Each structure stands twice: as structure tokens, then as C-alpha cells.
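Chains as they are written, first to last, in the working numbering: chain A, 1 to 254; chain B, 255 to 680.
There could be a bad hint or two in this list.
Claimed, not checked - Lysine to aspartate or glutamate pairs mimicking EDC-like chemistry, simulated, CA-CA at most 16 Å apart:
| id | chain 1 | residue 1 | chain 2 | residue 2 |
| --- | --- | --- | --- | --- |
| 1 | B | Lys287 | A | Glu11 |
| 2 | B | Lys599 | B | Asp586 |
| 3 | B | Lys287 | A | Asp166 |
Everything labelled a hint here was simulated from the structure, so no lab data went into it. The structure displayed is predicted, hence computed values, not measured ones.
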Amino acid sequence: MIVFSYDNSLEGLLTAVFDAYARKTFPDMLLGEEDALPLFYDELHRVITDTAKADRVWKALEKKLSKVALSEITVSWLSELPEVGPLIFRYIRKNIDAPQSVEMNFGDPDVLALSKIWKKVGQEKSRLVQFLRFQKAADGTYFAAMEPLYNVLPLAIPFLKDRYADQRWLVYDLKREYGYYYDLQEVIEVRFEKKEEHLLSGFLSEELMDKDEKLFQQMWKQYYTSIAIQERKNPKQQRSFMPVRFWKYLTEKR
Amino acid sequence: MDESVLEKLKVLAESARYDVSCSSSGTSRSNKKGTIGSAAGWGICHSFAEDGRCISLLKIMLTNYCIYDCAYCINRRSNDIRRATLSVSELVNITIEFYRRNYIEGLFLSSGVVRNADYTMERLVRIVKDLRLVHKFNGYIHMKSIPGASEELVREAGLYADRMSVNIEIPNEANLQSLAPEKTFQSVFTPMRYIQQGMLQSADERKRFRHAPRFVPAGQSTQMIVGATPDTDKDILRVSSALYQRPSMKRVYYSGFVPVNAYDNRLPALKQPPLVRENRLYQADWLLRFYQFKVDEIVDDAYPDLDLEVDPKLAWALRHPECFPVDINKADYEMILRVPGIGVKSAKLIVVSRRHNRLGAEQLKKIGIVMKKAQYFITCHELPIHTINELRPENVRLILTQKSGGRKRRQDENQLILPFEEHSDA
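Produce the entire structure from the sequences given, and follow the hints as far as they go.
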């Protein structure tokens with residue numbers, strides 16, 4: 001059995017594809033660096049991530065695959081699911097080996113599985129965009145935090161940048177402990193050494209809030225309650241459209 | 255902005271909540287550099303209220319004072335409810351601040367009629383103008399046109415709003431007159447015509463001048479109340495169908511009647527809003543818009559009301575067993591679309607896929623067809639089993655309603671149930 005191990009990055013994965021074709025041996029098992037090795041194996045190849053190699057693989061894919069198929073790879077990667085690395089490896093290999101792209105062959109279990117993950121990640125991104133709530137801080141920055149199931153924050157940035165173009169904002173992923181900050185010019189990725197209270201809880205404390213923030217939160221809560229028609233109460237439908245796991249960070253549900 | 259606005263917001267949201275429309279798609283207003291908002295792309299539902307309805311727009315009235323006395327409306331002048339009015343700057347401010355916090359997609363602005371139609375309309379126009387021109391707001395704006403407002407004001411409003419609407423409320427003029435003595439069909443259809451003329455004119459101008467202003471890019475919509483009058487579904491759907499013939503009408507909404515003014519004996523006493531009927535009307539509406547059904551096929555003099563037990567498409571199929579079974583591998587797209595259990599998406603997929611090879615039941619399932627329903631109405635590669643013609647429509651109906659209802663829920667409520675616990679021998 002041949003084992004490849006890589007550094008759990010997409011570039012590393014693409015390098016692994018390059019190495020496999022260069023060595024003409026394909027891994028029976030693809031592991032992350034920290035994963036435990038199997039009890040016995042014939043050969044272990046440690047992939048050393050190389051941007052140049054990764055680029056060459058990506059360029060080859062760009063020639064063969066449609067934009068949708070390429071996004072299936074990059075977007076599904078953000079799912080961080082343990083099986084997604086080997087799955088993408090097989091998907092790329094099948095596409096390289098076939099005379100034409102196999103991206104539409106949904107009879108193939110790998111193609112079907114990847115497209116399903118792609119859809120799931122896409123849905124999580126939509127949910128993020130739906131349920132993100134900004135709070136205005138005293139310095140004028142709008143702050144929002146969430147714990148998405150998958151690492152979808154980068155996918156939401158074009159939307160946020162387009163829509164909230166004239167305000168400074170910081171969106172933060174509490175689970176993965178990083179975020180993006182927009183300074184009216186460009187969006188930069190940010191990580192914080194020291195975790196302030198709001199980077200743990202997701203909420204600004206009252207002394208950090210803008211003076212009107214509390215009032216607008218109250219207004220939104222009031223509006224949320226008043227707009228519901230009591231005679232039509234339907235909690236089941238409410239939960240199916242707005243799963244309970246998001247309620248924690250919704251202003252109107254706290 | 256202070257605490258008093260909070261109270262006004264409560265009163266005015268409670269007054270506005272009976273307007274159903276919540277759509278925020280269909281426009282192409284994109285962000286302009288350095289300004290706030292964008293309404294390009296799909297609309298987003300930002301929250302869901304306790305009644306399960308989505309909150310995408312800030313649905314609010316400028317004021318709930320009204321000179322009219324429409325029996326079905328919570329804001330009728332003879333009602334003893336709290337009244338409030340927001341100032342233009344307050345309303346604009348709330349909209350912008352809510353939008354900045356990702357609470358909403360935009361504004362759904364409506365108002366009670368104060369003094370006269372034009373006076374009210376003018377103030378509504380001032381708000382949308384303020385949002386667009388002063389605050390450079392590119393979010394979505396849905397604006398109600400006040401019945402009886404002048405053409406100039408409607409024309410001006412249309413330059414700033416994405417969608418405009420005038421509610422018909424009651425599908426029959428005599429019934430409308432008895433419940434809303436101050437309204438006529440003319441007062442509703444005239445502003446609708448203004449909106450349509452504005453749209454057609456703008457479309458024409460844009461052909462010649464690329465930068466001619468858009469007029470109500472997301473079209474107009476309207477709403478009818480269901481269950482407040484003895485009107486049948488046939489009456490309602492005929493009005494809808496006629497409205498959809500117009501090029502500007504994008505949506506007709508149906509609002510199950512909530513008895514807000516129970517004391518008025520012109521209105522029926524309902525225990526709860528007719529939610530199932532409302533749902534069936536929406537399904538029929540979809541058949542009109544996406545499934546190439548004619549209104550007379552859904553409801554006619556023999557069947558003036560929709561079947562509450564089965565959806566209108568299945569009901570049509572059960573009434574027309576002679577059209578089935580449909581051969582999936584040969585039939586026209588239009589006919590495949592008529593099969594219960596096959597939607598627009600799967601019908602298209604079928605037509606595309608069958609070019610490569612003949613389709614069987616297994617593939618149909620994967621494509622996303624509800625075989626539980628469809629199996630009685632189709633033949634495919636290997637499925638010549640019992641169709642509606644062998645089973646008879648009444649039996650198919652029985653099978654399908656039993657399954658969808660679930661046996662437990664269908665138990666007669668008047669029947670005493672003795673809960674015997676099951677003991678296992680182990």
C-alpha cells in the first residue's frame with residue numbers, strides 16, 4: 001500500500017497530484033501530516049508543498065474543466081470534511097485521465113459526492129449572508145460574528161464588499177478564530193493575538209457600542225415581534241427556514 | 255432618534271403586517287461606488303417571524319391613520335386602535351440603520367390615507383426620493399401606490415421604487431363595494447394602469463437611449479384577501495389570470511383572511527385563517543405562471559373551488575384520466591409538465607437526458623421526481639404497472655391522500671382512543 005501525506009492545504013493537495021503523476025505511483029491512502037499512519041504500508045511519500053507544481057496542476061485543470069467544476073473543487077475544499085481531500089484527489093485524477101472532462105457524469109460516485117458537498121457549502125454561505133448581524137461599535141466599525149458549519153467566510157466577502165461599501169466592517173469566524181476587515185478601500189484577513197471579550201462571545205459589550213446601537217437592536221427586536229401574525233403561528237416552518245443553531249447570534253432571537 | 259420611535263414602530267409594524275408581499279428579487283439595481291446597498295441578484299430572507307413568514311423587507315406604514323372604513327382592514331377609521339405617524343426622517347433613518355446591520359433587504363412602504371390620496375402619495379414619494387437621492391440607497395424599495403393618486407405622482411414614484419403595488423383585496427366589485435364603500439374597481443385599476451404605462455414607456459425609451467431611467471424595474475404586484483367574502487376560487491383565479499395577461503404584473507398574492515374586526519357582521523366568523531385554501535391558491539397560481547395551465551382547466555363552473563385534500567395539479571389529473579399515462583420517453587415537454595410529481599426543473603432534465611438514452615424508473619428517481627405520485631401517471635422504460643386507468647381515479651386519490659396524511663393524524667377526533675401499551679414478550 002502506498003501512502004501520501006500532505007500539509008492539509010489545497011496547494012499541498014495539488015502538489016500531491018503533481019507528484020503522483022511525476023512518480024507514476026498513485027496513493028492508496030492520502031493522509032494529513034498529523035494523521036496516524038496505518039499499521040503497515042509499503043511506501044510513504046511525504047508531499048512537500050510547492051506553489052509552482054500546484055500552479056501547473058491548476059492550469060491544466062483550468063484548460064479542461066468548466067468554471068463550475070473548478071469552483072466545485074475550491075468551494076468543497078472549504079467544507080473541511082475529512083473525506084474531502086482524497087475525494088478531490090480522485091476527482092482530479094479522473095478528469096485528467098479521461099479524454100474529456102467527467103464533471104457532468106453524475107453516475108460516477110465521486111462526481112456526485114463532490115457536487116453534493118459543493119451544494120452544501122454553498123447553502124451554508126447563503127445562510128451566513130442571511131443571518132449575519134452587524135453591531136455598530138463606538139468607533140464606527142460594524143462588527144459581526146458567527147460560527148458557520150463550514151469555512152465559508154471567504155465566499156461571502158464579495159457580497160459584503162459590494163453591499164456595505166461605505167461602512168467599515170469586521171466579520172469574524174468564532175470557531176476558526178479569524179476574520180475579514182474592510183477599511184473602505186480593501187478587505188484584509190485578520191487574526192488577533194489577544195482575544196477581547198467580543199471575539200469570544202460574538203457580541204459587543206455596552207461600553208464598546210455606538211450610542212444608538214442599543215436602541216436599534218431594541219427596535220429590530222420590537223419589529224420582529226410585531227410583524228408576526230399570532231393567528232398564523234407556525235414554529236415548525238420558522239425552524240425549517242431558520243435552523244435553531246443560528247439563533248444564538250441573531251439579534252432578534254437573543 | 256429616541257425611545258418614542260420604538261412605540262411608533264410597534265404600532266406601525268402591527269398595522270402593516272397583513273400585506274403579504276415579501277419578494278425582493280427581480281431588479282438590477284447594483285451598488286454604485288462608495289454608496290450603500292445593492293439589490294442585484296436574488297433577494298435574501300434575513301429572518302423568519304413566529305408565523306413562519308420570511309422577513310426580507312422592513313414592512314411598515316408611514317401612518318396608520320386612515321380616512322377609509324374598509325371592513326376587512328385593521329386600520330379602518332372606525333377602529334379603536336393606537337395610531338401613530340413616523341416623520342420622513344425617522345423612517346429613512348430606521349431603514350438605513352437596519353440595512354447597515356444586515357437586518358433587511360430594503361423597504362416595503364405603505365400608508366393609510368390621510369386627507370386625500372395625493373397628499374399621502376406625495377409624502378411616500380418624498381421618502382423614497384430621500385432614500386435614493388440624499389442617502390444614495392441602492393437597496394430594494396417596494397412602494398404601495400395609493401388608490402386615487404394622480405398620474406404625475408405615480409410617475410415620479412416609479413423612478414425610485416423597484417416594485418409598486420395596488421391591492422385589489424376583493425375579486426368582485428359588488429362585494430368590494432359592500433365592504434369598502436369608498437373604493438371602486440376603478441380606483442384600483444387606474445393606478446395599476448399608470449404603473450404599466452410608465453413601465454412600457456420606459457422600456458421603449460431604453461431601446462433608444464441606453465441610459466434612460468428605469469421605471470419600476472421589478473414590475474407590479476397585487477393582493478387578494480381569501481375568505482372574507484363568499485367569492486369562490488374560480489372568481490379569484492379568473493382575476494389573477496386576467497392580471498397575468500398584462501405585461502407588468504409579476505405576482506398576485508393571496509392573504510388568508512384574519513378576522514381583525516370580529517364585530518363587523520358583514521364579515522364571516524372564522525375560527526382561524528383559511529390557510530389550506532390559501533396554500534392551494536398559491537399552487538394554482540404557480541400552475542398558471544409556470545405550468546402552462548389555463549384558468550378554466552383548474553377551476554370551472556362544475557368545480558368552482560379548489561380541492562382542499564389534493565393539490566390542484568393532481569386534482570386536474572384525476573379529473574382527466576384520458577390524458578394519461580404519459581410516456582416519459584416520447585411525450586412533449588408540455589405534457590410531461592402536467593404529470594403530478596414532476597416539476598419544471600425535472601421536466602427539463604427529462605427532456606435533456608432522454609436524448610442520450612431511454613429513461614427508467616431508477617433514473618427518474620435520481621432526477622428528482624416524486625415517484626410516489628408520478629407512478630400512476632407515466633410509462634417509462636420499464637414501468638407498465640398500474641396506472642390511473644387500471645386503478646380508476648377514485649382509488650388513486652384514496653391511495654395518495656391516505657399516504658400524505660399519515661394514518662395517525664387522520665384518526666377521527668370524535669372517536670375515543672384507548673391507549674393500550676404494547677408489551678413485548680422479551
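- Which earlier hints turn out false for this structure, listed by number in ascending order? Hint check: 1 fails alone, others pass.
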